[in-house]
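Q: Sequences and hints are given; from them, build the entire structure.
Counting in my numbering, the sequence shown runs from 18 upward without gaps.
In short, the hints are calculated from the structure, not lab data. The beta carbon of each residue, even a glycine, is placed where N, CA and C say it ideally should be. There's no promise every hint is true.
[Unchecked claim] FRET-style restraints, in silico, Cβ to Cβ:
hint, residue 1, residue 2, range
1, 35, 71, 14 to 20 Å
2, 236, 136, 49 to 55 Å
3, 133, 167, 53 to 59 Å
4, 168, 280, 51 to 57 Å
5, 186, 82, 44 to 50 Å
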Amino acid sequence: MSGNPGGAGVEVLCIGTELLLGNIVNGNARWLAEQLAALGVVHHRQQVVGDNRERLIEAVRQASGRCRVLITTGGLGPTPDDLTTEAIAAAFGADLVEHGEIWAAIQARITARGRNVAPSNRKQALLPRGAAVLPNPTGTAPGMIWTPVPEFTVLAFPGVPSELRAMWQATAAPWLQEAGLAGGVFASRMLRFWGVAESDLAERVQDLLALENPTVAPYAGAGEVKLRVTARGADGAAAAALLAPVEAELRRRGGASCFGADGDSLASVVLAE
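A: Structure (structure tokens):
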């Protein structure tokens, strides 16, 4: 399987049947989106897949044809339904190789907590051949970084939020910067409108919805319509400079229907007058 030399940007794949069942809120996806935006990384797609080997393999293969980096969370534990590492390796026909240093570290961490090491923990020491370890300073499940085909890298993290966040700051954020994927800053503004239908407002600003930088997107809410404007620039000042004229034009076209932005509410605007 070849890579996708034309692929760009980052995708996020969150793994776990509990996410599909609604047993837990997928806070990892939101947190990762915020981190990528803060780094100025282009982020195109998020996906959730349950604990199913074949569907995981399919999702990874499809991502390899679209994006430069795939970030996965979840499925790195010792139980039978933790299938992420196995599925990622199988997606590219790679063998799993045991890393002795990982197994030793797992055993040391578990015994230090006064627990017995289960044979199932050993699967966490397996990585696809050629993959490098992303150390986990707070848990037993190591992550991995692997480039199975040209121009496509997988960064795999545990689903435990505290572990993901610690590993991200220590390893992933610096790697994205060194790889040249991080750069620029996003500036965003949410304009709020009252007394106008989403379809009517979209008609007024139709040409602006086609912009690429800044981008403009409508959102319908309870009793109001929102327009989010997002610009990407080399720094905060450059992003703000791109955003400002588009915001001004949206406010002009919205007229009196535009009552505020971001955290404003009708009540707060009325009280402020």
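Q: For every hint, state whether the structure bears it out.
A: Results of checking the hints against the structure:
1. Between residue 35 and residue 71, the C-beta spacing of about 19 Å keeps the proposed range 14 to 20 Å intact.
2. Between residue 236 and residue 136 the beta carbons are some 50 Å apart, a value that agrees with the proposed interval 49 to 55 Å.
3. The given range of 53 to 59 Å is broken by residue 133 and residue 167, whose C-beta atoms sit roughly 43 Å from each other.
4. Separated by about 40 Å at the C-beta atoms, residue 168 and residue 280 break the suggested range of 51 to 57 Å.
5. The beta-carbon spacing between residue 186 and residue 82, approximately 30 Å, falls outside the hinted interval of 44 to 50 Å.
Taken one by one, the earlier hints fail for this structure at numbers 3, 4, 5, listed in ascending order.
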